[in-house]
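Take the sequences, apply the hints, and build the full model.
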Amino acid sequence: MSTRITIDPVTRIEGHLRVDCEISGGTVTDAWASGQMWRGIEVILKGRDPREAWLFTQRICGVCTTVHAIASVRAVENALNLEIPLNAQYIRNMLIAAHAIQDHIVHFYHLSALDWVDVTSALKGDPKKAAALGQGLSSWHLNSVQELAKAQEKLKVFVASGQLGIFANGYWGHPAMKLSPEVNLLACTHYLQALEVQRRANMIISILGSKTPHIQNLAVGGVANPINTDSPSTLSVERLLYVKSLIDEVGDFVNNVYLPDVCAIGAFYSDWTGYGAGIKNYLSVPEFPIDTKGTVFELPGGYLPNAALGQFKPITGFHDKYFAEGVNESIKHAWYQGDWDRHPWQEETEPHYTDFQDRGKYSWVKAPTFRGAPAQVGPLANVLALYAAGHAPTKKHAEKALSTVSSLAGSRVGLDALHSTIGRHAARAIRAAVLHETLEKQWTLLVQNIGKDTATFNRPEFPKGEIRGVGMHEAPRGVLSHWVVIEDGKIKNYQAVVPSTWNASPRNSKDQPGPYEASLRGTPVAQADKPLEVLRTVHSFDPCLACAIHLVDKEHPEAITVTAREVPE
Amino acid sequence: MNVLVMGIGNLLLQDEGAGVRVVEEFGRRFLPIPGVHVLDGGTSGIELLSYLSGRDALILLDVVKGGLPAGAVSRYEGEEVPALFQQKISPHQLGISDLLATARLMGELPAKVVLLGIEPQSIGTGLELTREVARSVTTVAEQVAAELWQMGVPVLPRPA
Numbered sequence: 001m002s003t004r005i006t007i008d009p010v011t012r013i014e015g016h017l018r019v020d021c022e023i024s025g026g027t028v029t030d031a032w033a034s035g036q037m038w039r040g041i042e043v044i045l046k047g048r049d050p051r052e053a054w055l056f057t058q059r060i061c062g063v064c065t066t067v068h069a070i071a072s073v074r075a076v077e078n079a080l081n082l083e084i085p086l087n088a089q090y091i092r093n094m095l096i097a098a099h100a101i102q103d104h105i106v107h108f109y110h111l112s113a114l115d116w117v118d119v120t121s122a123l124k125g126d127p128k129k130a131a132a133l134g135q136g137l138s139s140w141h142l143n144s145v146q147e148l149a150k151a152q153e154k155l156k157v158f159v160a161s162g163q164l165g166i167f168a169n170g171y172w173g174h175p176a177m178k179l180s181p182e183v184n185l186l187a188c189t190h191y192l193q194a195l196e197v198q199r200r201a202n203m204i205i206s207i208l209g210s211k212t213p214h215i216q217n218l219a220v221g222g223v224a225n226p227i228n229t230d231s232p233s234t235l236s237v238e239r240l241l242y243v244k245s246l247i248d249e250v251g252d253f254v255n256n257v258y259l260p261d262v263c264a265i266g267a268f269y270s271d272w273t274g275y276g277a278g279i280k281n282y283l284s285v286p287e288f289p290i291d292t293k294g295t296v297f298e299l300p301g302g303y304l305p306n307a308a309l310g311q312f313k314p315i316t317g318f319h320d321k322y323f324a325e326g327v328n329e330s331i332k333h334a335w336y337q338g339d340w341d342r343h344p345w346q347e348e349t350e351p352h353y354t355d356f357q358d359r360g361k362y363s364w365v366k367a368p369t370f371r372g373a374p375a376q377v378g379p380l381a382n383v384l385a386l387y388a389a390g391h392a393p394t395k396k397h398a399e400k401a402l403s404t405v406s407s408l409a410g411s412r413v414g415l416d417a418l419h420s421t422i423g424r425h426a427a428r429a430i431r432a433a434v435l436h437e438t439l440e441k442q443w444t445l446l447v448q449n450i451g452k453d454t455a456t457f458n459r460p461e462f463p464k465g466e467i468r469g470v471g472m473h474e475a476p477r478g479v480l481s482h483w484v485v486i487e488d489g490k491i492k493n494y495q496a497v498v499p500s501t502w503n504a505s506p507r508n509s510k511d512q513p514g515p516y517e518a519s520l521r522g523t524p525v526a527q528a529d530k531p532l533e534v535l536r537t538v539h540s541f542d543p544c545l546a547c548a549i550h551l552v553d554k555e556h557p558e559a560i561t562v563t564a565r566e567v568p569e
Numbered sequence: 001m002n003v004l005v006m007g008i009g010n011l012l013l014q015d016e017g018a019g020v021r022v023v024e025e026f027g028r029r030f031l032p033i034p035g036v037h038v039l040d041g042g043t044s045g046i047e048l049l050s051y052l053s054g055r056d057a058l059i060l061l062d063v064v065k066g067g068l069p070a071g072a073v074s075r076y077e078g079e080e081v082p083a084l085f086q087q088k089i090s091p092h093q094l095g096i097s098d099l100l101a102t103a104r105l106m107g108e109l110p111a112k113v114v115l116l117g118i119e120p121q122s123i124g125t126g127l128e129l130t131r132e133v134a135r136s137v138t139t140v141a142e143q144v145a146a147e148l149w150q151m152g153v154p155v156l157p158r159p160a
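Just so you know, the protein sequences line up as chains A and B, in that order.
Throughout the first sequence, residue numbering follows my numbering, covering 1 to 569 in sequence.
Throughout the second sequence, residue numbering follows my numbering, covering 1 to 160 in sequence.
Hints listed in this document are in silico derivations from the structure and should not be mistaken for laboratory results.
Fair warning: there could be bad hints in the mix.
Partner residues are not named here, just some residues of chain A that face chain B (Cβ under 8 Å, in silico) [stated by the list, open to error]:
#, residue
1, R59
2, C61
3, V106
4, T212
Partial chain A-side listing against chain B, Cβ under 8 Å, derived [claimed, not checked]:
#, residue
5, G40
6, I41
7, V43
8, G62
9, H110
10, F158
11, Q198
12, R199
13, P213
14, H214
15, S270
Pairwise CB distance ranges, derived in the manner of DEER restraints [stated by the list, open to error]:
#, chain 1, residue 1, chain 2, residue 2, range
16, A, L55, B, S74, 28 to 36 Å
17, B, V73, A, K46, 27 to 35 Å
18, B, E108, A, G522, 41 to 49 Å
The C-beta atom is built at its ideal place from N, Cα and C for all residues, glycine as well.
See below:
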């Protein structure tokens with residue numbers, strides 16, 4: 001006998017994801033990931049002006065507004081072979097880096113830490129001991145006894161109010177929760193501090209993007225920020241100096257809190273370096289272009305088949321055919337009409353809902369492949385690519401993190417440990433530290449360049465006939481690509497292959513499982529009706545099923561259901 | 001008074017974007033008001049936290065499905081609002097429920113919270129509102145002005 005569990009929806013993620021697992025002998029033996037919403041962006045964009053597409057794509061998802069805007073303008077620019085002024089690249093790069101750091105911090109503390117950290121246990125922690133622990137990890141100025149006691153008091157009041165809200169769906173007291181009350185208290189204190197810090201990162205976005213949560217400053221051809229070093233209403237020296245102070249504050253938190261916390265939690269849960277690897281083909285794209293053509297990048301990206309660092313193949317630029325020709329999507333197991341495996345430019349999406357069929361169609365997510373194989377995307381894929389490419393800041397932060405984990409765990413933890421559930425968290429924190437350095441560097445490049453020129457925009461001109469473009473972006477959750485076909489200046493076809501399409505992929509045309517599905521096989525589950533371990537692995541990917549329905553439903557208050565039932569052999 | 005008027009919802013899903021449409025309509029009909037921030041919150045969550053801090057009141061605009069005729073407007077206040085957002089497990093997990101709970105945890109939830117909800121008719125893919133809901137958008141924009149007047153905040157129409 002085995003047990004079948006269905007988690008629908010998975011909470012603390014963006015979008016609607018259902019996960020089914022078959023459990024036998026306390027271990028997951030098979031898994032299915034199913035996206036439960038259909039995105040119809042391509043339907044909306046057909047026939048529209050390509051210069052406006054980004055305004056619509058940034059509405060796909062409430063978390064990823066900036067990233068869909070960036071990928072969209074890049075897709076159109078790619079089709080036009082349009083160069084971007086340096087100032088525009090630097091401003092975009094700063095937006096991208098600030099957004100990604102904010103996103104990584106929020107993901108760790110607010111969306112996934114509670115899988116590892118027990119809030120109710122934190123209430124029992126001794127602030128003095130917790131402070132000593134924190135001070136041993138880093139020089140962060142807010143690891144004082146007073147700060148920890150203050151945070152504990154805040155949590156006590158909140159828990160006593162009975163309205164747990166954000167903490168309501170945690171598996172408190174679960175046997176898989178292993179941290180001491182003091183470690184839990186330290187982590188919860190940082191949870192609260194992270195709420196403040198993410199605002200500072202957001203402030204960078206709102207200054208450069210003119211507005212949040214929907215930035216206003218993008219344009220096909222550059223950015224709309226007027227640069228005038230003296231005028232206070234534009235991007236002035238004063239504003240840029242303020243941005244620099246925000247970058248410093250955010251960097252302090254990333255280096256002295258986020259990364260050490262992930263190392264500590266990784267060391268306490270070192271058994272989790274043995275679970276959750278799944279698909280070891282890693283795909284990432286180069287990011288932070290620092291020339292006008294998109295051929296020179298601050299961070300390399302590329303394909304790493306079967307975790308072999310020696311076989312790393314870089315993707316060299318926005319016009320690299322190795323990427324553009326390598327992506328396909330299959331709908332064999334997705335709720336669309338027919339059964340094909342096509343390139344995004346050739347796709348047509350006709351929804352065709354069946355029902356959840358284990359061996360048939362069971363998800364709204366299509367199954368993408370790179371060069372015919374499923375691929376994992378995200379910070380882990382990116383960090384491994386950066387490491388393989390010899391990117392010095394990445395090597396520095398990765399080696400420092402691994403040596404911290406090794407000394408805390410009391411045994412040598414190497415780069416291989418990253419192919420795991422906890423490894424994905426470590427990679428994300430390492431990437432945040434790398435991104436902070438990138439953000440600083442882009443700031444310096446911008447400040448140096450505006451002394452020479454203030455250009456921010458090249459006007460796009462659309463030819464008669466058909467042109468095609470791909471906009472690639474290494475987003476917080478991994479490779480994002482927007483694919484556009486333009487005819488006589490109007491959009492003819494538009495497809496977005498989002499990071500969670502890669503990771504939450506159902507089985508592909510060869511019936512190979514996607515990364516979530518593969519990573520869950522072999523995960524231990526102590527209590528089938530409280531599948532905390534399954535959530536740990538799924539959350540480690542930072543799922544975002546970008547569909548963002550926002551309706552309040554009074555009639556049918558759905559519950560989060562976790563069902564477990566016996567299945568005969 | 002320091003007030004945040006925030007419309008939320010997804011513009012790509014027909015009536016689902018009604019709250020954001022009210023914000024746009026409000027901006028067309030009324031002059032900017034000192035101390036009142038009118039915000040298109042889209043489908044964002046935690047990023048909106050900084051807009052909430054330091055406010056005396058929050059007026060939320062959203063669609064609420066309650067079995068009423070399409071376009072019907074309902075009003076909720078105080079504890080009813082977080083309770084309403086909490087009982088739904090919408091596909092938008094990181095939405096307003098978490099935002100309100102986080103604001104409460106941080107001691108930054110405005111003392112007065114009002115939600116004006118519009119009953120939707122259709123939430124398929126598309127940019128246009130249905131006729132009934134489009135009509136209510138105008139009504140709700142007027143109602144926001146009335147709410148502000150009641151809080152002692154004068155609201156003046158734009159000259160025709």
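A quick look at each hint next to the structure:
1. R59: holds (5 Å)
2. C61: holds (7 Å)
3. V106: With a closest approach of 6 Å, the A/V106 hint holds.
4. T212: holds (6 Å)
5. G40: holds (3 Å)
6. I41: holds (7 Å)
7. V43: Holds, about 5 Å.
8. G62: Status holds, d = 3 Å.
9. H110: holds (7 Å)
10. F158: At 5 Å from the nearest chain B Cβ, A/F158 passes the 8 Å test, so the hint holds.
11. Q198: holds (7 Å)
12. R199: holds (5 Å)
13. P213: holds (4 Å)
14. H214: holds (6 Å)
15. S270: violated (30 Å)
16. A/L55 <-> B/S74: 28 to 36 Å: holds (31 Å)
17. B/V73 <-> A/K46: 27 to 35 Å: holds (34 Å)
18. B/E108 <-> A/G522: 41 to 49 Å: holds (43 Å)
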